[in-house]
Amino acid sequence: MTDRPLTELGVVETAEAVRRGRLRAEEVTRAHLDRIAAVDGRIRAFLHVTGEAALARAREIDEAVRRGADPGPLAGVPVAVKDNICTRGVPTTAASRMLQGFVPPYDATVIERLNAAGAIIIGKTNLDEFAMGSSTEHSAFQVTANPWDESRVPGGSSGGSAAAVAAGEAPAALGTDTGGSIRLPAAFCGVTGLKPTYGRVSRYGAIAFASSLDQIGPFARDARDTARLLAVLAGYDQRDSTSAQEPTADYEGALTGDVRGLKIGLPAEYFGEGVDSRVAQAVREAVAVLKDAGAQVVEVSLPYTSYTLPVYHLVATAEASSNLARYDGVRYGHRTSRRVTSHGDLIARSRGEGFGPEVKLRIILGTFALSAGYYDQYYGKAQQVRRLIKDDFERVLAQVDLLATPTAPTVAFPIGERADDPMAMYMADICTTGANLAGLPALSIPCGFLDGLPVGLQLIGRPFDEATLLRAADAYQRLTDHHLRRPALAAAGAAGGGA
Amino acid sequence: MSTPVTAGTAVERPYEIVVGLEVHVELTTESKIFCSCPTRFGAEPNSQVCPVCLGLPGTLPVLNRRALEQAVRAALALNCRIQPVAKFDRKNYHYPDLVKGYQISQYDLPVGYEGWLEVGDPANPRRIRIRRVHLEEDTGKSLHDQAPGASVVDYNRSGIPLLEIVSEPDIRSAEEARDYLMHLRQVMLYTGVSDARMEEGSLRVDCNVSVRPRGSDVFGTITEIKNLNSFRSVVRAIEYEAQRQWEVLSAGGTLRRETRHWDERREVTVALRRKEEAHDYRYFPDPDLLPVPLPADWVEEIRASLPELPGARRRRYVLDLDLSVRDADTLVGDPGLAGYFEDLLAAGAEARAAASWVLTQVLAWLNAQGAGIDAFPVPPARLARLLRLVDEGTISMTAAKDVFEEMVRTGAEPDAVVEARGLRQISDQAALLEIVDRVLAANPQPVADYRAGRQQALGFLVGQVMKETRGRANPQLVNDLLRQRLSSDG
Ligand SMILES: [Zn+2]
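Protein sequence lines, in the order shown, are assigned to chains V and S.
In case it helps, my numbering puts the first sequence at residues 2 to 500.
In case it helps, my numbering puts the second sequence at residues 162 to 651.
Hints should not be assumed to be uniformly reliable.
Quick list of in silico lysine to aspartate or glutamate cross-link-like pairs, DMTMM-like style, CA-CA up to 20 Å [what the hints assert, rightly or not]:
1) S:LYS248 with V:ASP377
2) V:LYS382 with S:ASP269
3) S:LYS248 with S:ASP331
4) S:LYS252 with S:GLU337
5) S:LYS252 with S:GLU191
6) S:LYS252 with V:ASP377
7) S:LYS302 with S:GLU279
These are calculated hints, taken from the structure and not from any lab test.
Please model the complete structure; the sequences and the hints are all you need to start from.
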């Protein structure tokens with residue numbers, strides 16, 4: 002395995018090699034730090050690289066292996082973490098000026114789980130401020146580039162994590178997905194990204210955007226690596242009341258390569274208006290591959306699809322307006338340096354200076370949606386329609402095992418193209434918000450390329466049935482090689498090999 | 162007990178006071194409502210905090226089931242109906258002592274609703290309806306004058322479970338408001354859900370006050386007086402505010418719906434903010450907390466575990482045990498004292514005598530020692546025995562007081578003290594008759610006086626017999642024997 006650069010190794014490969022003492026966690030970590038040093042000036046995926054701490058941690062892992070201990074299923078695997086997930090002693094900003102300099106005194110549950118499994122946190126990645134966006138252009142600090150075409154966006158809001166995995170800066174990453182924020186960048190960057198069922202992974206320590214929609218999930222380069230990560234992340238956490246008691250599955254064991262008899266639904270509404278026909282075609286071809294392997298494919302309908310985006314925006318902004326109320330400059334985070342005359346003045350100025358325009362826009366929308374006299378008309382109504390959307394999915398998923406759709410209506414768009422046009426930006430989410438509103442698991446895998454840019458296939462499954470999604474994705478990846486393609490950048494940066 | 166209020170009661174006023182009370186009670190759970198921080202009062206500022214109750218980014222609330230149970234317990238004790246699920250909502254507003262920019266509370270589905278509490282004479286009580294009882298988290302506490310030019314907030318209180326109890330506007334006088342609060346406080350103490358100490362802020366009161374012409378059934382404009390911190394302030398503030406409103410109306414003015422502050426020093430209410438300008442709290446269900454079912458059998462279990470409540474106890478004391486309302490109130494108002502009284506009854510003591518002893522001798526000792534009933538050294542069974550000795554005529558009341566003092570001092574058995582000090586009453590008719598005759602023979606003048614119709618001469622003769630017996634003669638018997646002798650011999 003030493004003939005391949007260490008930055009090309011996947012999660013399972015790396016962990017098994019480290020566990021067996023065939024590879025040292027320190028060399029793996031160093032290789033990725035070198036890779037970051039070589040390419041991140043162009044990709045700008047990271048807001049903070051935890052170099053020394055990562056190396057120290059890697060040496061601990063190596064020491065454990067030397068002693069004959071098993072550091073865990075992610076032994077020595079570098080993981081990049083979206084910067085809205087709290088890491089003890091490591092700055093966590095949510096890419097907002099509001100939280101510049103904030104250093105959490107505690108680890109998110111997922112960070113504890115990664116550490117316990119032998120993973121190495123290698124740094125914190127860029128995002129749209131407070132995860133509000135679809136391109137990672139709304140970061141207060143930097144714009145992340147798509148490794149396949151540096152003039153294009155990586156998707157958002159977890160653009161830094163997706164780009165880091167695509168660019169070989171980390172074999173795995175964590176993102177959060179509120180309306181598509183893992184799947185969309187996974188699609189744009191040509192990697193595998195999973196949004197688990199709502200409640201499958203603890204939200205404790207993820208800086209809330211919209212609590213009833215947010216879910217933490219993994220990025221990797223294929224379904225098997227994703228399965229390994231999910232097994233570590235998933236499970237009940239008593240610190241999150243919305244986390245599920247539902248037992249986890251043997252996600253890797255589910256990867257049999259066998260999709261015979263699997264019923265896949267193609268919801269007509271996801272292939273029509275607003276979706277690039279070439280993207281739709283690539284997705285249909287991907288489904289055909291699974292059909293050839295023995296899956297059954299049926300056309301289905303989700304009639305409430307056209308309501309998903311408006312309902313999503315009402316629910317998400319309403320919850321966000323409340324979730325972001327705690328940033329007032331009183332206890333932590335940005336506080337105005339101007340003279341203030343009252344507490345109200347302090348809050349208004351601190352928030353005015355600390356939040357970016359997209360965040361302000363959403364706070365204002367959400368505040369309005371919850372206002373006396375408008376609640377029933379907006380938030381209340383949105384919740385009712387959300388129920389109908391959920392029923393829609395439930396009904397269809399009683400007939401089929403999973404749904405296949407495009408992840409995004411297009412491939413990655415140019416940086417700057419939609420930055421000032423919120424409505425155009427929001428359209429990027431038309432295929433992804435449904436799974437959040439219904440709380441369903443969904444993943445995105447690359448299923449082809451258009452003009453050299455990856456196309457994403459989205460699979461949506463039944464609640465807590467991530468195993469079936471991963472099995473289908475893995476079967477597809479056994480039969481195709483889209484997930485093995487690396488951006489040209491990767492070839493240019495082979496110096497990161499380190500071995 | 163009953164502080165005199167403004168002279169002249171409601172009867173003489175041309176107007177009627179209408180009051181509804183909103184009471185906040187801190188629950189006595191070991192830990193906070195949404196995290197595991199301790200709730201001890203009086204700790205160093207900001208020593209009982211964690212990322213959750215400081216509202217740090219990414220933290221989530223987890224409901225303390227014990228707080229929910231306490232809330233249900235209190236609601237049941239206030240005769241409320243219980244919601245089938247506990248649902249929590251966010252109340253959104255900005256304040257320096259509020260860490261998340263919202264308070265987790267209950268909006269449309271309070272855990273308890275449609276309850277009531279009885280006040281006044283147990284024989285003819287008034288029922289004050291309770292609109293709702295809901296659970297919420299307390300906020301931090303701004304400390305003023307701690308650092309010049311800066312405001313300091315203590316977040317120890319942030320996240321302490323709080324019960325808000327809202328009455329209907331059924332209260333008709335300041336005295337009745339105080340009565341309601343006293344009864345409410347007792348319910349909290351009896352159910353053990355709160356120590357309800359106003360001075361520590363674990364019971365806080367907001368009053369909604371309006372007035373209307375006597376006889377009218379239309380509600381007037383309400384003003385809200387915030388954060389009163391003693392029963393006395395409640396009474397004074399309501400009295401003041403009602404009078405102020407009536408004067409405004411009498412002068413042809415109009416009232417504004419507003420929030421007012423009670424200035425403790427000047428004893429006046431001062432306008433704080435107009436109600437119309439009040440916040441839009443934008444309540445919505447807290448997505449971080451799933452609704453918690455409150456199964457009927459669980460609720461019934463809690464109901465069954467409730468102790469005898471103060472209202473029922475007061476009724477029993479007055480109507481069944483024939484105690485005065487005042488004695489009943491004093492006993493019920495002190496659960497420890499009432500418990501001791503109950504133990505006396507269980508040990509066979511007669512109710513009125515037992516109440517009288519507890520409220521005089523026992524209470525006097527406790528007051529002198531500055532101690533609570535827990536520190537009282539005489540076990541109830543022993544005191545009951547002493548009362549029995551009096552009741553049976555074995556010792557006189559005067560002797561009993563001496564015995565009591567020795568019992569308290571040395572822990573001795575009453576019988577032993579009576580024997581050792583020779584306090585047994587002489588109730589032997591033959592023995593007393595001998596002494597009576599001797600006294601009559603030695604005092605011819607008083608005998609003659611009595612026979613001449615001077616009744617007070619009998620008292621002198623009784624005194625002489627008591628003197629002869631060193632106070633041990635049964636006074637009733639001595640009286641009877643003297644009368645008998647004086648009439649028969651005449
Ligand atoms: Zn706490």
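Status of the hints after comparison with the structure:
1. Restraint check for LYS248 of chain S and ASP377 of chain V: satisfied, since their Cα atoms lie roughly 18 Å apart, inside the 20 Å limit.
2. Pair hint LYS382 of chain V plus ASP269 of chain S holds up; C-alpha atoms about 17 Å apart against a cutoff of 20 Å.
3. The suggested pairing of LYS248 of chain S with ASP331 of chain S is violated, with an alpha-carbon distance near 28 Å, which exceeds 20 Å.
4. Taking the CA atoms of LYS252 of chain S and GLU337 of chain S, the gap is near 31 Å; set against the 20 Å cutoff, the hint is violated.
5. Straight-line distance between C-alpha atoms of LYS252 of chain S and GLU191 of chain S comes to about 25 Å, which puts the hinted pair past the 20 Å bound.
6. For a cut-off of 20 Å, the pair hint linking LYS252 of chain S to ASP377 of chain V stands: about 17 Å separates their Cα positions.
7. A C-alpha spacing of about 33 Å is found between LYS302 of chain S and GLU279 of chain S, which places the hinted pair above 20 Å, so the restraint is violated.
Consistency note: the structure conflicts with the earlier hints numbered 3, 4, 5 and 7.
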